[in-house]
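Q: As a plain string of letters, each chain reads:
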Amino acid sequence: MARFKLYSAIFVVLMALSTTQAIVEETGMVDFDAPGTYWMAFGIILVLSFVKATFVATYYMHLRWEPRSVTYLFLGGLFVALALTTAAAYSIL
Amino acid sequence: MSHGEADGHEFPPMSSVKRWFITTNHKDIGILYTITALFFLVLGGVLAMLMRVQLWSPGASILGANAYNQAVSAHGLLMVFWFISPFAFGFANYIIPLQIGADDLAFPRLNAMSYWAYLFSGLLFIASFFQGGTFAGGWTMYAPLNLPTYMPNIGGTTVVLALIMFIAAVTMGSVNFLTTMYRMRAEGLRMRDLPMFSMSILLTVWMMLFAFAALLAALMILAAQHIFGVTYFSADGGTLLWTHLFWFFGHPEVYIVFFPALGIMAECFQTFTGQRIVGRKWFVLAMVLVALQSFVVWMHHMFLTGINLEIKTLFMVTTIGISLPFDLMVFSLIYTMIKGRIRYTTPFLFSLGALILFIIGGITGVFLGAVVLDYEFRGTYWVVAHFHYVMVGGATGLFAGIYYWFPKMTGRMYDEYLGKVHFALYFLGFNLLYFPLFVAWETPRRVFDYAPGLTSWHQVASIGGFLLGASFLVMFYNLFKSMAVGEEVGDNPWEYSTTAEWAVSSPPPLENFEGKPSYASGKLTFREDPQLTADGSGDNEPTGTPSTDGGVQTESAAASGESALVTGPEAVASAATGAATVHTEEEHADHASFWPFVICFAGFLAFLGLSGIQDGGAYYWLTGAGGALSAVGFVGMAQESFHTPEPTVAEQWPFEGVENMKLGMWMFLGSDVVLFGGFIGSYLFLRVANGWMHWHHAFIPEAHVTLPGLINTYLLLASSFMVVLALVASHKNSKRGVVASLSLTWLLGVGFLINKGIEWNHLFHISTEAFPNGWGISTNVASSTFYLTTGLHGAHVIVGLIMLMYMIPRAMNGAYLGDDEVSIEYFGLYWHFVDIVWLFLFPLFYIL
Amino acid sequence: MADIGGPVVGDTVLAGASGIRAPAEVFNSIFVVFLGLGTLVGVVVISYTLYNAYKYRYRAEKDPAPDLDRPELGELPESGGKGKKLFLSFGISALIVLSLVIWTYASLLYVEGKPTEVQQNGGEVLTIDVDGFRFGWQFTYPNGATTSTLRVPTDTVINLSVTSEDVFHNFGIPEMRVKSDAIPGQTTNTWFVAEETGTYTAACYEICGEGHSGMDAKVVVMEPDEYESWYADTEGSANATAGSGSSDGEDGGGNAIEAPSAPNSASGSLAPAHAGGAP
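Going line by line, the protein sequences match chains Z, W and E.
Under this note's numbering, the letters of the first sequence match residues 889 to 981, in that order.
Under this note's numbering, the letters of the second sequence match residues 9 to 856, in that order.
Under this note's numbering, the letters of the third sequence match residues 860 to 1138, in that order.
A couple of the hints might just be wrong.
Derived Cβ-Cβ restraints for the label pairs, each shown as a range [said to hold, decoys possible]: (1) Z:Thr974 / E:Gly981: 36 to 42 Å; (2) E:Leu947 / W:Leu317: 55 to 61 Å; (3) Z:Trp953 / W:Val296: 25 to 31 Å.
Keeping only pairs whose Cα atoms sit at most 27 Å apart, straight-line, the calculated DSSO-like set for lysine-lysine is [as the list claims (entries may be wrong)]: (4) W:Lys428 / E:Lys943; (5) E:Lys1077 / W:Lys347; (6) E:Lys914 / W:Lys347; (7) E:Lys914 / E:Lys941; (8) W:Lys347 / Z:Lys893; (9) E:Lys921 / W:Lys289; (10) Z:Lys893 / W:Lys289; (11) W:Lys531 / E:Lys921; (12) W:Lys289 / E:Lys943; (13) E:Lys944 / W:Lys289; (14) E:Lys941 / W:Lys347; (15) W:Lys347 / E:Lys944.
If the Cβ cut is set under 7 Å, some of the chain W residues that face chain Z in the computed set are [as the list claims (entries may be wrong)]: (16) Thr321; (17) Leu440; (18) Met491; (19) Val493; (20) Gln660; (21) Pro662; (22) Phe663; (23) Phe676; (24) Gly689; (25) Val732; (26) Ile806; (27) Tyr834; (28) Tyr838; (29) Ile844; (30) Phe848; (31) Pro851.
Bear in mind the hints are in silico, worked out from the structure with no lab data behind them.
All residues carry an ideal CB built from backbone N, CA and C; glycine is no exception.
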């Protein structure tokens, strides 16, 4: 299918983004003694993970070409997991 | 028209034992669930009787302290898990396909497997009594009492494993019901038109899909603590972690338990008042709201755990808020009676009784939502009385169901007089048992020594308990007797019933409907089944105006060739001839399979072995035997033609175009997200509790570096890419391409595992000042979370690789080409999901 | 809210000389209201339900609505009307429930914040550490003394700092309407004011093992001067454990010992887990 090029391009992007995450660490931003920088690095790295996951889900898992309801189903699970984690963590702060 | 024998495929009759081991028919499975659940009702009830005997006077010693704790815990676990929901699902299995116009559930063999997993998990629980005593820490299983330090008996571990097996049953069931209800509804039956019982089950399974995954995370971690020595629940914050995970599940669970009863009550109120449900639209909306809200109230079980005031306030509001939709539903049922033609049949009496009990239970629940009151009610009999009123009140609705549908399931009417006797004894016994518990509310829970002033109340309660128990003898006698000599009934013994199960014979034929149910005309009619027309043996019994499908028939025949998803010659033949659907009579007999039974029996052996594996010896053999047998079972089951033909004409919003298998896989993945979410969330929670930065400084060795994680990320991403290429190759009918890419996927996956193995081995053997004995699974909470979370992920990888080892040889024989690519697609969904999880594990456990 | 040092005239029952409204009072007054309202609502709704169930029982010769459109087999679901009535009832119940929430929220703030407020106003708060273990309770006073009987003076804000040495317990004194989870590795706080002298019982409200049923502790509420002398007695002795029966204080020593709420002090030497509760 013509999608071969698309899939390959996405693969390259995924590899690049993963490498970026490692590079962020190499720069020393992930400094456990410097909360300001640390949490910024935390944010960048996790956002990159979300971006990668979105690519995999959208294209490799074909969500792009499925009815929107399937995406909502998947996101529903994610939402539930995030709600539990956030609320629980907040409760002991 | 008996359809089995004519084709030479013999599906054994109901009197044959073999039938019950190989059936995958939803009605049979419904009966199996009902009977098994009633067995657990009796078992749980006997335990309760023992408790009530002990509570006759303060400080009695009929049971020793440990035995009492076991009785209390087992009573709760058995009733909540092994009785009440399975009892509801007995009805759901039997009735839902009939109500929505389907021939069976979407995945019949999975359905059988879910029953056998349920049964064997229950047997596993029973085994625990004989392994040094069963779990004795309350059904809530709080940490640290649930840990091996305090619960060294093997039976405690067995219960955890039994619950895990039970959750497997539940997950299979929810995936099955969800796919069925979204994809196999009769023409014209929109989601909003679902009958009340079906609607309630729909919401129940949605809640189950997400809630049980959280419990599964908790139980897997607990089992790992027992068997592998992880330290989650003994670390700082561990106790609270358990309460969060458990109650996040625990609260939706109580609605999971109640909703089916609510659905039955609505059906019975409508039928026996001869009035449509008042404000039905709002009733349904209220149920949806409760289902959603049920996930945001759980901390009201934790008001005294030292959580901060802001979050207590939030959960107070949400808790009180959840009573509002219930108010609406209660009023709706009451108003439905106005200007009705009420007949006091046994199902109606039980439904009305359930409503009253639920009102009492609900009001007392509002008390518990007021935080200041809860501060005192915590751990007392107020809570016990409240939840028994609402939950057993719910069960009351389920007993309405058994009388309501008994005629449909057996073709005979129960004895109405005995039914009323049962109700009278039941209602009296119930209130004698539970109302005094409100008066004696100051009694602490799970205690058999209480203030002497409360003795008379406890005695009344014990009498009530025995009365309640005795009432069931009446029920059992009634049902047994009526099965033999009850008056025979036709299709519909109940005036004013509206749902489709009453439009077929009692009991229904094996294939449910003669002809295809359709609501396209605005009411239920039966169209000619295209396949029957082709065979020339049509035997239509439409209830409305019969209509033929004419043009639709040809389209559906062609459509079914694609959507039927049958591999091999049949698909080719039907596509070529464009002839009648693939849904031939023979398919029915092929649904029968003994592999679900075999696999679950194997699971039973394996879990039993795991429970005592630290003791070695026989337990090793059991685990091994179980594992081997289940492998045989899975292969056997995979060899069978797995696909049931999908309905050719059906309402499928909002999942049009998503075949059943694919939708089922997505449903499963949705729940797997919550499972991993529970594991990752646990890690995050514990890290916050221990000090985020401190965690890194104190618990992680220098040797734990990013590189292995990065390499694994590359490997997994490449393997995902390979799977996608396999799909491309399949489109191009390239056998070599498919085999090559799947094999590369496999190799990359193995590379992932080898790399991980090397990394772990290295970490196990480091010897530094901080970690003289290596960094192993029990070293500290950080190592525990690292190994268990990435280990769970690794296990998912292994499962994927095993699937590949089945697929690659088949690919070499030419499978998965052209139209058959879907199997690769489904595998791909799983594999990509596993990849996505790693994309988060990598930064969280290696970099940050 | 009450001022310290004098009873405030109002429509609520106040504690004795401390002038502080004890959590027990808060609980009792809210409980009474809920009980009354709950019973009223329950009786009204259930009576109405039974009334309708009886009134509309079907008798062919007395059909109140013979021409009404009734459900038929095979019909698609439709609503049965009467929506307005439904919303009225729903609205009323929502109003009741919301009012209850708002009212009890005020008392939640009171209960949560009182000890801190008392301290900030220079009042006296006696903090006692409570340690649960399998299967008993140990109490540690600001001066480091430990007992297995909880002794407190009347009319004083007693702040309990509760934890556990092993598993999840829960410490509660029913008559004082005070309760707190006892969780290993963390401390939870709760408070009460005792108005009447006497002997009470504390119990464990979370299943913790075989001894759970008997995990009691005696609570003795004493007149302030009696308490002072007993407390003075404990000075200098590292442990004043149970059984040896702390005397009812004969010494006249009138040291003003009680300190403002001490930070959560580590308990004194701990008794190993022993079965049974306090004497």
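Q: Give a verdict on every hint.
A: We went through each hint and held it up to the structure:
no. : hint                            : verdict
1   : Z:Thr974 / E:Gly981: 36 to 42 Å : holds (40 Å)
2   : E:Leu947 / W:Leu317: 55 to 61 Å : violated (36 Å)
3   : Z:Trp953 / W:Val296: 25 to 31 Å : holds (29 Å)
4   : W:Lys428 / E:Lys943             : violated (35 Å)
5   : E:Lys1077 / W:Lys347            : violated (60 Å)
6   : E:Lys914 / W:Lys347             : holds (9 Å)
7   : E:Lys914 / E:Lys941             : holds (18 Å)
8   : W:Lys347 / Z:Lys893             : violated (68 Å)
9   : E:Lys921 / W:Lys289             : violated (31 Å)
10  : Z:Lys893 / W:Lys289             : violated (49 Å)
11  : W:Lys531 / E:Lys921             : violated (31 Å)
12  : W:Lys289 / E:Lys943             : holds (13 Å)
13  : E:Lys944 / W:Lys289             : holds (14 Å)
14  : E:Lys941 / W:Lys347             : holds (11 Å)
15  : W:Lys347 / E:Lys944             : holds (14 Å)
16  : Thr321                          : violated (12 Å)
17  : Leu440                          : violated (40 Å)
18  : Met491                          : violated (42 Å)
19  : Val493                          : violated (49 Å)
20  : Gln660                          : violated (10 Å)
21  : Pro662                          : holds (4 Å)
22  : Phe663                          : holds (6 Å)
23  : Phe676                          : violated (10 Å)
24  : Gly689                          : holds (3 Å)
25  : Val732                          : holds (5 Å)
26  : Ile806                          : violated (20 Å)
27  : Tyr834                          : violated (11 Å)
28  : Tyr838                          : violated (10 Å)
29  : Ile844                          : holds (5 Å)
30  : Phe848                          : holds (5 Å)
31  : Pro851                          : holds (5 Å)
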